[in-house]
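There are 2 protein chains.
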Amino acid sequence: MTTEERLKQYEEWLFRRSAYQMALSIIGIDKLTVAPPAGNAYRDARTAYLSGELFSIDTDPAILEVLKELKDDPAVDADTAKGIQLYYEEAQKRLCIPKAEYIAFEELSNRSYDAWLEAKQKKDYSIFEPYLKQVIEAQKKLYGYRDSELPLYERMLDDYEPGMRIADYDAFFAAVKERLLPLIAKIRDAEKPEDDFLYQEYSVEEQKKFTDELLQYLRFDPSWGYQNETEHPFTSWTCENDCRTTTKYLPDNPVSAIFSTVHEVGHATYEHQCDPRYDGMILSDGISSGMHESQSRLCENYLGRTDAFWEYNFPRLQKHFPEQLGSVTLAQWMRAVNAAGPSLVRTEADELTYPVHILIRYEIEKGLFSGEISTEGLDKVWNAKYREYLGIEAEDPSEGILQDVHWSGGSFGYFPTYALGSAFAAQFTDAMRRDLDVDKALAEGRYDLCMDWLKEHIHRYGCRYNAKEVMLKATGKPFDVNIYLDYLEDKYSRLYGLK
Amino acid sequence: MTTEERLKQYEEWLFRRSAYQMALSIIGIDKLTVAPPAGNAYRDARTAYLSGELFSIDTDPAILEVLKELKDDPAVDADTAKGIQLYYEEAQKRLCIPKAEYIAFEELSNRSYDAWLEAKQKKDYSIFEPYLKQVIEAQKKLYGYRDSELPLYERMLDDYEPGMRIADYDAFFAAVKERLLPLIAKIRDAEKPEDDFLYQEYSVEEQKKFTDELLQYLRFDPSWGYQNETEHPFTSWTCENDCRTTTKYLPDNPVSAIFSTVHEVGHATYEHQCDPRYDGMILSDGISSGMHESQSRLCENYLGRTDAFWEYNFPRLQKHFPEQLGSVTLAQWMRAVNAAGPSLVRTEADELTYPVHILIRYEIEKGLFSGEISTEGLDKVWNAKYREYLGIEAEDPSEGILQDVHWSGGSFGYFPTYALGSAFAAQFTDAMRRDLDVDKALAEGRYDLCMDWLKEHIHRYGCRYNAKEVMLKATGKPFDVNIYLDYLEDKYSRLYGLK
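Heads up: the sequence lines are chains A and B, in that order.
With the working numbering applied, the first sequence corresponds to residues 1 to 499, in that order.
With the working numbering applied, the second sequence corresponds to residues 500 to 998, in that order.
Bound-form chain A, shown alone (with noise of 0.2 Å):
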């Protein structure tokens, strides 16, 4: 075969994939947003089979050998030999899988999702435990046929942010209690700032029309991308112009669809700026789980949480709420946002106690896959170490081990990156501000210049650079934990008056 006819093959290969990810994707929307309950068997059952077909496309000996060969071949261009490259690396990960326990996996991995909505909703942990059991004994076959020497936990971390292993991850948390359990202690001693305003009926609809106001603030085109509803705020995409993103409303608290918001939107606006011609292809995915969250976090904290941002919106959002905000004060709106202090809940926590939210499930995951930890009580598990580090727990689970989605799924090693990309964005940010007045172009109304400048610098090149390429490239040198820590640092001793 010529490189011409390879390449040939290859193009029909990745549309084929690309037409059952993209099915794959709908359907999961549709899953999370829409899907009549009582239908989740029939269809379950279905999206296994639907995935287990992009298993076999994916491991299909055949395009193995052309993807082998194409990616040695000096005639192929950089950008396609770097996509090849990646899709051959993902396929050995898939190829040593059994198929039938790919698609098992799939189909328990969906009831188990039902199971833990479910368990939510009836505040119940012991309804999700059973299949919690299942999925990690699961994971721990799927990723134990794969040929690595790395130990089964560090080969998930690896997946999701690659070169990260747990001494790594280990530093990063390390630096974290350090630096961040004794300011968080403080201001647990310190003056709360008055937030009372915050808490009180904020009409659905009304929020549903500011949201409106700021999706165009934030640049969300409903022509590429669309706004739905869900218990657990997500973001999906099928290609550059369909990129979605769900958010969820309190009815007595306005912060939390609004934060959200500009977090999915942050997700969605990475992956709808990514050049136009990776479309289709691995090229135009994000880097890594942290690079992803990094932009989503940029966009919350760096950006949705500054003065300036709010100077713009603050009045906006009062005309919606007159009763609610009309006598509140910027100021006094900045500090209520920015509070921070011990919570239960990891999606409304502040920025400050973020990072321990997820250093609890990062001990948790070590645990669940070192054998120390088993699913049995881990309630209790959960429960001892909120109060250990933030010196509070949930009486009621929801608000607890049934908070997040992602175990549910066979996510673990996931969490982590979490935090991982809250340090990432710091350090994008600093950069960011060096080249741009970021402030000014906030407060104007002009945060499409931010999005411009994160276009340029990180989304256009898609996964074409690994992490540490892109964060050189954006910022000037590698990532270094204390852009971060310094910010928080600056940031919570300013606003509690602690410095």
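For the record, the hints were derived by calculation from the structure and aren't laboratory data.
This list has only true hints and no planted wrong ones.
Computed list of lysine-lysine pairs in DSS-like fashion (alpha-carbon distance at most 30 Å, straight line):
no. : chain 1 : residue 1 : chain 2 : residue 2
1   : A       : K31       : B       : K954
2   : B       : K818      : A       : K209
3   : B       : K530      : A       : K31
4   : A       : K140      : A       : K93
5   : B       : K707      : A       : K248
6   : B       : K707      : A       : K209
7   : B       : K707      : A       : K31
8   : B       : K747      : A       : K209
9   : B       : K818      : A       : K208
10  : A       : K319      : B       : K708
11  : B       : K530      : A       : K455
12  : A       : K477      : A       : K499
13  : A       : K319      : B       : K818
14  : B       : K530      : A       : K248
15  : B       : K747      : A       : K31
16  : B       : K530      : A       : K208
17  : B       : K621      : A       : K209
18  : B       : K707      : A       : K122
19  : A       : K123      : B       : K708
20  : B       : K747      : A       : K208
21  : B       : K507      : A       : K99
22  : A       : K208      : B       : K621
23  : A       : K248      : B       : K708
24  : B       : K939      : B       : K818
25  : B       : K530      : A       : K209
26  : B       : K708      : A       : K208
27  : A       : K319      : B       : K707
28  : B       : K747      : A       : K248
29  : B       : K708      : A       : K209
30  : A       : K31       : B       : K708
31  : A       : K99       : B       : K598
32  : B       : K622      : A       : K209
33  : A       : K8        : B       : K598
34  : B       : K707      : A       : K208
35  : B       : K708      : A       : K122
Covered stretches of chain A, as calculated for chain B (at least 3 residues, CB under 8 Å):
no. : region
36  : 17-28
37  : 34-41
38  : 226-240
Since this is a predicted model, take the numbers as computed values, not measurements.
Beta carbons are placed, not taken as given, at the ideal position from N, Cα and C, and that holds for glycine.
The hints should help you fit chain B onto chain A, whose structure is shown.
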């Protein structure tokens, strides 16, 4: 191969095809409800590919051999044999079509839908005309492959309503013309019922709240059903416990959303109430388009437009719109929602003029496929026919030739079943009223008793029996168009004091 081995292969094949059907159904709903439009091209190409995959499964020679053996195998139970027979017949229709042409048509029809939507929004037939032309040419070619002695248009008619020929429809519409056109003319000259109160501001938010109550009355349960919004309401389903409907809210008229809701839930209930043993199999589908439409029309008109239905629901509606309806009596409401008279838009038409809207489409379709009518200037042909039969014509093509979605996807021969369905519904209702005090049930909020009757006599059979068989089983006599025409004459003569 033994019968058992063949049945196993058949069941595996059934499952496989149902997975693709489910995916295509969900992707289709997504496209018509929430998918971002700039992603259309990307998604449409891949959706067409997946349709091709289903086409390959359905025309796989190995499975056709199995179906051929099984359909005449006396060891197979009657239900299964009937399903196999139907699959075999469907496969024969597809086998003759080259797969590449089938995929090209799927893609064309997706692009054509996008063009239709744009044309309707821009009120410009010329945007849609080239696509309509291509779709018709493609359908002529695809139906031309079929080994059949029927004329092209009759093949299409037969696909939607097996056994109905042009001569049958000609006779049907001749009766419609003969008995209804004079009545319509008389009503045009009669005094109009007062209905100004229908045409004022009705908040969409408030309409949605009433719809939620109405859905409960209709026993449309969120565990198995979901309602969304679209430009053109429709119903879609993947299985017994996943039946979706859509509606459209007009801010200046509540009637449209109400009756489209009752109508679409009629379709959904038909699917939901089929014998669950048939789930995922061809037997679970409705018998024919006319039979499906008979169930939605029965709900919309023969139940939904009765005094008894509104005796229960009108006070509830009034509570949502005290300003608009507080001083309107039930009798005034009933006269207003049953007002008849020439109108431009089929989906908003009254029961009496409805079949005339269909007659116009039937004559145009016949002309398009006999070659007497072409797509160029079709907007003018359309208007001329409205002028001839109803004495009015559309100035805006979005209320004229662009009003319906059907032709954009190549659905020709479908419209006539809408009128036929109304006629079937008259005969079913006649039989239901012999068994059940329908008015008492409706007035007391026991809509479910009517649904139970439909389940028992029609729904549970799926397409286990054909339309003629079910008509005979359910009503005790063969289809008689005069029951329908008598009903309309009686109802409208009374309403307009013409008796």
